Amino acid sequence: MARQLMKGNEAVAEAAVRAGLHAYFGYPITPQTELLEYLSRRMPELGRAFVQAESEVAAINMVYGAACTGSRVMTSSSSPGFSLMMEGVSYMAATEIPVVMINVMRGGPGLGNISPSQADYNQSVHGGGHGDYRQIVLTPGSVQESVDLTVLAFDLAEKYRINTVILSDGSIGQMMEPCELPEMQPLRGVSTEPWAITATMGQREHRMLSSIYLKVSDEEKTNIRILNRWRQIEANEVRFKEYYLDDADFAIIGFGSAGRVALTAVRQARAEGIKVGLLRPITVAPFPVQQVAELSKRVQGILVTEMNGGQMLDDVLRIVKGNCPVEFFARLGGVVPFPDEILSEIHRIAKGPLSVDVDPRSAWLDRMAAIVN
Amino acid sequence: MTSQPITEQVVYQRPEALSDVNTHYCPGCTHGVAHRLVAEVIDEMNLRDKAIGVAPVGCSVFMYNYMDFDFVVAAHGRAPAMATGIKRCLPDRFVLTYQGDGDLASIGMAEIVHAATRGENISVIFINNSNYGMTGGQMAPTTLPGQKTTSSPLGRDVEQQGFPIRVSEMLAKLDGASYIVRRSLHDPKNIRQAKKAIRTAFETQVRGLGFSMVELLSICPTNWNLTPVDSMTWLEDHMIPYYPVGDYKVHPAVAEMKI
Ligand SMILES: Cc1ncc(C[n+]2csc(CCOP(=O)(O)OP(=O)(O)O)c2C)c(N)n1
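Respectively, the protein sequence lines represent chains V and F. Per the working numbering, the very first residue in the first sequence carries number 1; after that it's consecutive. Per the working numbering, the very first residue in the second sequence carries number 1001; after that it's consecutive.
Bear in mind the hints are in silico, worked out from the structure with no lab data behind them. The structure presented is a predicted model; accordingly, all values stated were derived computationally and were not measured. Check the hints yourself; a few may be wrong.
[As the list claims (entries may be wrong)] From the structure, some residues in chain V lie toward chain F, with a derived Cβ separation under 8 Å: (1) 22; (2) 43; (3) 46; (4) 49; (5) 66.
[What the hints assert, rightly or not] To be clear about the criterion: a stretch of chain F counts as covered by chain V if any three or more of its residues have a C-beta under 8 Å from a C-beta of chain V, and this derived list gives those stretches: (6) 1059 to 1070; (7) 1075 to 1085; (8) 1088 to 1094; (9) 1110 to 1119; (10) 1159 to 1169.
[Unchecked claim] FRET-style restraints, in silico, Cβ to Cβ: (11) F:1255 / V:227: 54 to 62 Å; (12) F:1024 / V:228: 29 to 37 Å; (13) F:1032 / V:203: 43 to 51 Å; (14) V:2 / F:1016: 56 to 64 Å.
Heads up, the beta-carbon is just placed ideally off N, CA and C, and yes, glycines get one too.
Given these sequences and hints, build the entire structure.
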């Protein structure tokens, strides 16, 4: 199929349509809105459901209802809207139904701004909604990857009956890049899944889907089932990209836009002869634990780079366990780092000295004082 | 003596749509009456096979145990949003929400108003018992001025806590709503009229005529601290004057329906 020049948000929307999206529910918010606008044209054209909801709370609860029918459904939003969706996110996780959600992250907290950010990592990876639950979190670094991960998201969500989040950002959502779209999949008919709420049609016993387990022993069993399923996901679904790591003395770890900027810096450093490589997690949940652990045993230092205050950093530190020094560099609040900034971090780290005893976030904040003041 | 052949005529039985189980409702609670009416109309219209119910958060959260058709349970107040998601995916199914007054008129006010204004082709049974039953009788948006509840112990003070919301009157103003009526469950005559209204509401959906809601004035003897019989009298004396029974919106296409 021919490559097309597409905006990230629209490419995701079209990819979802081609993956057999049956119904979309959303609410306008920059920098995600093109997704909603695109689907407001595209879905009715194909005779599929599109509703602009009255709020993100309503949107996610529409998604909840639609997902209970076993249909392929999706919503999209950006950070403040995602906070409102946390109610439904928790209920859907507890109901164990497949849902795809796109978060085109922007600067926060609060109303923040409409520039790219990665500050909702913890909200998606470590909770956000109440209760014990997990969800798959995929992080694209380009328009093409956004397309591919959208298709994958539906498959994973259904395979494991789990919430699947595409954690994108304002830069990936707004940029235009050539991409190849998937083939159009036919829309499925009424779901035949043994759990789907489709009305009995006189063919079977009635069914019920809910998140209520009044008997605490049932709730405990549900929690354990969810955790065991997560173990399976951890074993089977970790995805990541590696660049120049084979002979690397130093490794950078960064996802999404930050990983992409880091790659440019890594290439420049390599041209200068510095042996540095990049690990770019594609799934931040499940996290590439084994890869980071192995890396930490064979490099002289790791630089974590994010567009937040070190949310993934904490995960990396927990895995590295002092095997090697970990350094941190971030721009945040809607500021995107330049490759040069990361390159000078590489220079700094290559020069040393590095220590496992330094608190990477604290050291970074000290260095930031000169930059932001 | 010659024995006469006995002929049996069934005049009253459990509707098929109502499961043969005991409910958890308090003695005298009208949720049971409302459930039965819903089940009777589902039976009469042969809707059981096509029906999907959306239970609320409130005393009727376990409605799925009492109805013999598919059910989901919404988050508090979100039943109309959930029903929207279901109906948009399965437009030929019959989709029903059943909600209390805390659920529908407080936390879920946005969802009900917008479902109505979109003309969402769903039916809503709205139980107005003037308090939050499940959590132990707190003030609801429908609690009457001066009415004592566990969170308005001196009686609802409209200066501090505002006035009750008349939901049917409010939703009737929306162009998207097709059938909005209020009925009461305090005596047999009113119960029969409530059933007729539920039938009209369900027919509205089945014929694709859009959003329908039946508000049912109900009693909560446990939290009102009254006997069931005194509760019925209280409803008649206090609720009906504030919440008059009546038809607030009947779209001409609904009025023309022959049932
Ligand atoms: C988000 C959220 N807030 C609060 C509650 C607690 N809660 C459960 S039921 C209920 C009140 C329900 O009252 P109503 O809708 O009037 O129905 P009734 O129980 O009287 O039938 C409340 C506040 C909840 N479950 N979820």
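Against the structure, the hints come out as follows:
At a threshold of 8 Å, the smallest CB-CB gap from residue 22 of chain V to chain F is about 6 Å, leaving the interface hint in force. About 10 Å separates the beta-carbon of residue 43 of chain V from the nearest beta-carbon of chain F, more than 8 Å, and the hint is not met. Nearest Cβ of chain F to the Cβ of residue 46 of chain V: about 14 Å, over the 8 Å cut. The hint is violated. Taken as an interface hint, residue 49 of chain V checks out: its beta carbon lies about 4 Å from the nearest beta carbon of chain F, inside 8 Å.
The closest approach between the C-beta of residue 66 of chain V and any C-beta of chain F is roughly 3 Å, which is under the 8 Å cut-off, so the hint is satisfied. Remark: the region 1059 to 1070 of chain F is confirmed as covered by chain V, as 6 of its residues place a Cβ nearer than 8 Å to a Cβ of that chain, reaching the required three. Restraint check on the region 1075 to 1085 of chain F versus chain V: 7 residues with Cβ-Cβ distances below 8 Å, three needed, restraint holds. Look at the region 1088 to 1094 of chain F against chain V: 5 of its residues bring a Cβ nearer than 8 Å to a Cβ of that chain, three or more, so the hint holds.
Counting residues of the region 1110 to 1119 of chain F whose C-beta lies closer than 8 Å to any C-beta of chain V gives 5; at least three are required, and the coverage claim holds. Beta-carbon proximity to chain V at under 8 Å applies to 0 residues in the region 1159 to 1169 of chain F; the threshold of 3 is not reached and the given coverage is violated. Evaluation of the 54 to 62 Å hint for residue 1255 of chain F and residue 227 of chain V yields a pass: the beta carbon distance comes to about 56 Å. Between residue 1024 of chain F and residue 228 of chain V, the C-beta spacing of about 32 Å keeps the proposed range 29 to 37 Å intact.
For the pair residue 1032 of chain F and residue 203 of chain V, the supplied restraint of 43 to 51 Å is violated, since their beta-carbon distance comes to about 29 Å. Our hint of 56 to 64 Å for residue 2 of chain V and residue 1016 of chain F holds, since their Cβ atoms are close to 57 Å apart.
Violated hints, listed in ascending order, are 2, 3, 10, 13; each of the other numbered hints is respected by the structure.
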